[in-house]
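Enquirer: Sequence:
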Amino acid sequence: MKINETRDAKLMGLLGKTMQDKHIELYPDFFKPYDAEAVTKSFIDYFKNPKQRVYLWQDENNQDAIAAYLWLEEEQMPENVYRYGYTRLYLHHILIMPSYQGQGLSQELLKFADTYAKEHDIQHVELHYWPNNGIAKHTYQKYGYEVYTEIAQKRI
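Position 123 (the sequence shown) corresponds to 123 in the UniProt record's numbering; numbering is contiguous.
Honestly, I wouldn't trust all of these hints.
[Stated by the list, open to error] SDA-like mimics (lysine to any residue), calculated; alpha carbons at most 25 Å apart, straight line:
(1) Lys137 <-> Pro28
(2) Lys111 <-> Gln123
(3) Lys10 <-> Asp35
(4) Lys154 <-> Gln20
Derived by calculation from the structure, the hints in this document are not laboratory data. Predicted model, so just to flag it, every value in this text is computed and none were measured.
Please model the complete structure; the sequences and the hints are all you need to start from.
Expert: See below:
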């Protein structure tokens with residue numbers, strides 16, 4: 001696999017369908033139907049921030065097909081009256097395309113994030129996942145991620 005950074009909003013608009021379809025499958029009452037144009041426009045805005053980065057894993061043995069992507073952002077979490085400030089590397093999306101799942105790419109993407117954080121002197125790598133996504137929960141725990149906060153919701 002080769003790894004390339006992209007700032008192609010249109011490409012991300014297309015790749016976002018796989019992620020959105022999974023979210024809709026798990027939480028159909030929460031997530032909107034996929035809209036490539038809206039996602040593309042969102043990435044145009046996201047990419048205005050140089051701290052937002054997307055890396056593609058491309059299969060050199062399959063005409064550079066996109067096997068996975070990692071969308072990350074370096075964020076300053078400001079100090080407030082209750083907690084200390086810190087810098088985090090926030091992982092917005094970790095997506096392995098269905099035909100590449102089960103081949104160890106999750107580990108590779110997470111190691112990439114760890115290396116990125118170390119190279120940029122960032123002490124915290126954070127992400128969130130939906131509780132019904134058991135595969136994600138298991139994977140992140142397997143590679144050292146620990147739950148440090150939880151959000152509860154009550155529908156009225």
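Enquirer: Hints first: check each against the structure and report whether it holds.
Expert: A quick look at each hint next to the structure:
1. Lys137 <-> Pro28: The given pair, whose Cα atoms are some 19 Å apart, holds under the 25 Å limit.
2. Lys111 <-> Gln123: holds, 14 Å
3. Lys10 <-> Asp35: holds, 12 Å
4. Lys154 <-> Gln20: This hinted pair holds, its Cα atoms lying about 23 Å apart.
Checked against the numbered hints above, the structure breaks none of them.
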